[in-house]
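K.L.:
Sequence:
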Amino acid sequence: MKKLLLATSTVLLLAGCNDKAPKEQSPNDQTQNVAETETVVVEQTQSVAPEIQKIPKWVSENKVTAPLDNIVDGDETYKAVSYCKPHNCAGDFMIRLTGKDNKEYSMVVHVKDTNGAITKPSEYANYQFIGNPDDNMKGLLQQALLQNPNWK
Numbered sequence: 001m002k003k004l005l006l007a008t009s010t011v012l013l014l015a016g017c018n019d020k021a022p023k024e025q026s027p028n029d030q031t032q033n034v035a036e037t038e039t040v041v042v043e044q045t046q047s048v049a050p051e052i053q054k055i056p057k058w059v060s061e062n063k064v065t066a067p068l069d070n071i072v073d074g075d076e077t078y079k080a081v082s083y084c085k086p087h088n089c090a091g092d093f094m095i096r097l098t099g100k101d102n103k104e105y106s107m108v109v110h111v112k113d114t115n116g117a118i119t120k121p122s123e124y125a126n127y128q129f130i131g132n133p134d135d136n137m138k139g140l141l142q143q144a145l146l147q148n149p150n151w152k
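By my numbering, the letter at position 38 of the sequence shown is numbered 38, and the numbering carries on one by one without gaps.
The hints are all genuine.
DSS-like mimics (lysine-lysine), calculated; alpha carbons at most 25 angstroms apart, straight line: (1) Lys120 - Lys152; (2) Lys120 - Lys138; (3) Lys103 - Lys57; (4) Lys57 - Lys79; (5) Lys85 - Lys63; (6) Lys112 - Lys152.
Read the hints as simulated data drawn from the structure, not as lab findings.
Treat the numbers as computed from the prediction; the structure is a model and nothing was measured.
The task is simple: from the sequences and hints, build the whole structure.
P.N.:
Here is the structure:
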């Protein structure tokens with residue numbers, strides 16, 4: 001995001017310093033130039049946005065936090081923490097593993113609100129991985145998920 005803002009600022013600065021521009025520009029021409037520049041920036045932003053993993057809004061707002069047992073993989077130990085959406089812990093939650101190097105991997109779980117999800121939530125769950133975990137790390141996140149006694 002910082003790079004995008006820097007690029008946008010640079011484009012606007014260069015557009016303002018264009019010495020080949022006519023000496024007399026009406027205010028309408030200047031407004032049109034700015035609008036065209038803003039359109040290009042918006043289009044560039046929209047093309048980049050899908051590549052970013054979107055974290056649900058509730059994760060960055062108020063959330064309920066609970067520690068889990070540490071996850072051990074060989075000689076590496078990961079601190080495990082569970083977060084959930086207030087008033088909907090069974091339906092929306094996230095598990096985060098943090099290693100010694102403070103690298104974080106997360107798995108956001110959304111369980112569809114249906115009667116069957118009460119007895120078998122895993123059959124109605126959608127998973128979103130954050131932090132680009134490899135298959136081994138995804139397995140460790142699943143292992144942390146199994147610490148929940150209600151997860152079947």
